[in-house]
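Build out the structure end to end from the sequences listed, making use of the hints.
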Amino acid sequence: MVKVKPRVLMPKRNPIERIRDFNEVTLGYSEKEALEEASRCLQCPNKPCVYGCPVGIDIPRFIKFIKERKYEEAYKLIKSCCPIPAITGRVCPQEKQCEKLCTLIRLGEPIAIGALERFVADWAQEQGIFIEPKSNVSRNGEIAIVGSGPAGIVVASDLARLGYNVTLFEALHEPGGVLVYGIPEFRLPKRIVRKEISYLIELGINIELGVLIGKTISIYDLLDEFDAVFIGAGAGHPRFLEIPGENLNYIYTANEFLTRINLMKAYLFPKYDTPIYRGRYVAVIGGGNTAMDAARSALRLGAEKVYVVYRRTRKEMPAREDEIINAEEEGVEFVFLVQPVEFIGSGEGSVSKIKLMKMILGELDETGRPKPIPTNETIELQVDSVINAIGFNPNPIIPLTTPEIKTDRKGRIIVDKEGRTTMLNVYAGGDIVIGEGTVIEAMGWGRIVAQTIHRDISTKK
Amino acid sequence: MKLLNAKWQILRKHSIAPNIKEMDIYAPKIAKVARPGQFVIVMVDEYGERIPLTLVDWNGSEGWIRVVFAEVGVSTMKLGFLDSGESIYYVSGPLGVPTHIDKFGTVVVVGGGVAIAAAYPIAKALKEVGNKVISIIGAKTSNLLIYEEKMQSVSDELYISTDDGSRGYRGFTSHILENLLENGLRPSLIWMVGPTIMMKICSDIAKKYNVKAIASLNPIMVCGMGMCGACRVKVAGKIRFTCFEGPEFDALNVDWDELLLRLKMYKEEEQLSLKLFLGKVMRNGYNG
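Residue numbers (my numbering), protein chains in the order written: chain S, 1 to 461; chain E, 1001 to 1288.
Treat the hints loosely; a few may be bogus.
Each computed DSBU-like pair below joins lysine-lysine, with the alpha-carbon atoms no more than 30 Å apart [stated by the list, open to error]: (1) E:K1280 to S:K190; (2) E:K1267 to S:K353; (3) S:K265 to E:K1007; (4) S:K271 to E:K1007; (5) E:K1238 to S:K355; (6) S:K353 to E:K1212; (7) S:K371 to E:K1238; (8) S:K358 to E:K1264; (9) S:K410 to E:K1234; (10) E:K1238 to S:K410; (11) S:K353 to E:K1238; (12) E:K1103 to S:K265; (13) E:K1264 to S:K265; (14) E:K1280 to S:K265; (15) E:K1267 to S:K305; (16) S:K265 to E:K1200; (17) E:K1280 to S:K271; (18) S:K406 to E:K1032.
If we take Cβ atoms under 8 Å as the criterion, some of the chain E residues that face chain S in the derived model are [to be verified]: (19) Y1026; (20) I1030; (21) Y1047; (22) S1092; (23) L1181; (24) R1232; (25) R1240; (26) F1244.
Quick caveat, the hints were computed from the structure, so don't treat them as lab data. Note that the Cβ used here is the ideal one computed from N, Cα and C, for glycine as well.
Below is the structure:
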């Protein structure tokens, strides 16, 4: 058996220090570390990793450029497939995608593709590497993109590079969708997001803020002005547990909690006007990345104790392994095999306890995970704040105001394989179509739909 | 290339009562499609909160919208400090489901405090389609009573109350409502727009006399687009979002006590923020 060198670990700030602020936790590779990690790549001719990348980055080739210290070439190569590498390098679940298919897994640890992507992107941002964004062709075609999150960013940049006129509509006051309201500063600094978004502006994309499509402008009115409309409005509509006491004070949806912190900067209150309740004993319900983000944010707001309450076990948690480890290192306490059944108030309208039903794991369900089954035993947890991170449904505003756009029973917009909705010239992708995916899955959708729109417009003319 | 931000410029600003301002904002996209009962989310500056303000009037061809607000907290005070010619950082809308306007017959519109202005477009639209509009408006005292003439112009009957009796009936709008119902008035519908406690009491009265009622709710709100759930209320036992399912709900089924508690959620923070803001303004003036 061939002996391979171990993976070069990404340096991180120590937990005691990092939970006192919202600054980034991981520090990125130094050049030396990047070169060392890149040298582990086997340069497989069949490139299995590329099949795991929803936007099809030629991974072995960019790693080869790193080995040769041709960072600018590496950057240009990545950027040709992924318009926001500094973001995907940080938030992609590589262990479930490209790295999962890495040949090195059979010999030891896979190559750290995400860390290398981030190294290249951060290097380019530091050097101020500028890629001539203008397409050398100009095509007739006006495209409206609804939502400036990951899906919208890819559709917008792909079509702008093909020479179309693109307008990106965002309802909030900052572009980026979940990248600005959802993912916390300590995982994805907002200056990185702003830099990556500025590339869209360099591409000539118009960004219109404060426009809620379906309300400010209807889809019908958009179709009068645009040849194609892409809906990437996301799955930002929170789900509820539908148990007693759910509207008690200081029970937040993860979206509200994270939006107050990330988008509204409530962690800097009173410098910023938006307040947030700083709970001392906080329970976060759910086991996904959003739950990890919320739990770690609650710690940083000064909580003494943060529980993550999950109805299965650690093994079934949908969160990225790295994020679970980060949360564990920071002192988040996990309570497994419990399901909230009631929130109990203090008498003044604030939450003071959660009643939890103990669960056991049963047969595998349709998601391939063991089904949690309630026992008859309950326990109680003393809390002064709760964050519900059980999940989201697609945003309902466009389907509600546009009956021609059909949705399934979960409220997801129905599309064909190439992203066409049931309404002519209207396309959709990302979480509003798949439910709850990752940033890169939404981007993968964006890539497909951009090609579809390009084809449909070209054949029409 | 620059970020294309809509202008959101203040065209006119008037003080219509002590600490109550009326403001016209250039927002052509919103003005073009606004309907009675809808609102906008405003951020005064990049440090600001996102606050909902009900649309009071608008002009699609001239491209402006009108809001009326009381300067009670940091956000509304900051907004009040801006002058015509200056621009607001962010305005988004029109949000919420418009009021269902139809010919119902006789309707009652109750407006309280600064929200009389918010009741005005609803009363106006109801009048325009041929309803008999009976309006009840009330304020703490006579110089805080706003939009009296405007409400007069769209009402068949107008009743006025002030808490101290300095104008009209001495007492609350709810007293007038109860009186009218007690004397046999049976409107097809009652609209109520005002302080939550006023709406709760009016709703109890409507229930007592078995009259249908609609309340325009004013919970704490953040996103305004169905994403965060800050504005959730319980109506008929179900969680509803005021931003995209409201702001109007069946008043008789609103969980008023819960809403009243939710409105107090940030009392301490609001007071702290206000104290710091006023201190800063006194030292350096606004923008200092």
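Each hint, compared with the structure:
1. E:K1280 to S:K190: Holds - the C-alpha atoms of K190 (chain S) and K1280 (chain E) are around 28 Å apart, at most 30 Å.
2. E:K1267 to S:K353: holds, 22 Å
3. S:K265 to E:K1007: holds, 24 Å
4. S:K271 to E:K1007: It holds: about 25 Å lies between the C-alpha atoms, which stays within 30 Å.
5. E:K1238 to S:K355: Holds, at roughly 20 Å.
6. S:K353 to E:K1212: violated, 37 Å
7. S:K371 to E:K1238: holds, 27 Å
8. S:K358 to E:K1264: Between K358 (chain S) and K1264 (chain E) the Cα gap is close to 34 Å, so the pair fails against 30 Å, i.e. violated.
9. S:K410 to E:K1234: Holds: K410 (chain S) and K1234 (chain E) sit about 22 Å apart, inside 30 Å.
10. E:K1238 to S:K410: Roughly 18 Å between the alpha carbons, so the hint for K1238 (chain E) and K410 (chain S) holds.
11. S:K353 to E:K1238: Distance ~21 Å between K353 (chain S) and K1238 (chain E) Cα, so the pair holds.
12. E:K1103 to S:K265: violated, 46 Å
13. E:K1264 to S:K265: holds, 21 Å
14. E:K1280 to S:K265: holds, 20 Å
15. E:K1267 to S:K305: holds, 24 Å
16. S:K265 to E:K1200: Answer violated: K265 (chain S) to K1200 (chain E) is near 34 Å, above 30 Å.
17. E:K1280 to S:K271: holds, 12 Å
18. S:K406 to E:K1032: Roughly 27 Å separates the two Cα atoms, so the pair holds.
19. Y1026: violated, 13 Å
20. I1030: holds, 6 Å
21. Y1047: Result: holds, 5 Å to nearest chain S Cβ.
22. S1092: holds, 4 Å
23. L1181: violated, 30 Å
24. R1232: This hint holds: R1232 (chain E) lies near chain S, its Cβ roughly 6 Å from the closest one there, short of 8 Å.
25. R1240: violated, 10 Å
26. F1244: holds, 6 Å
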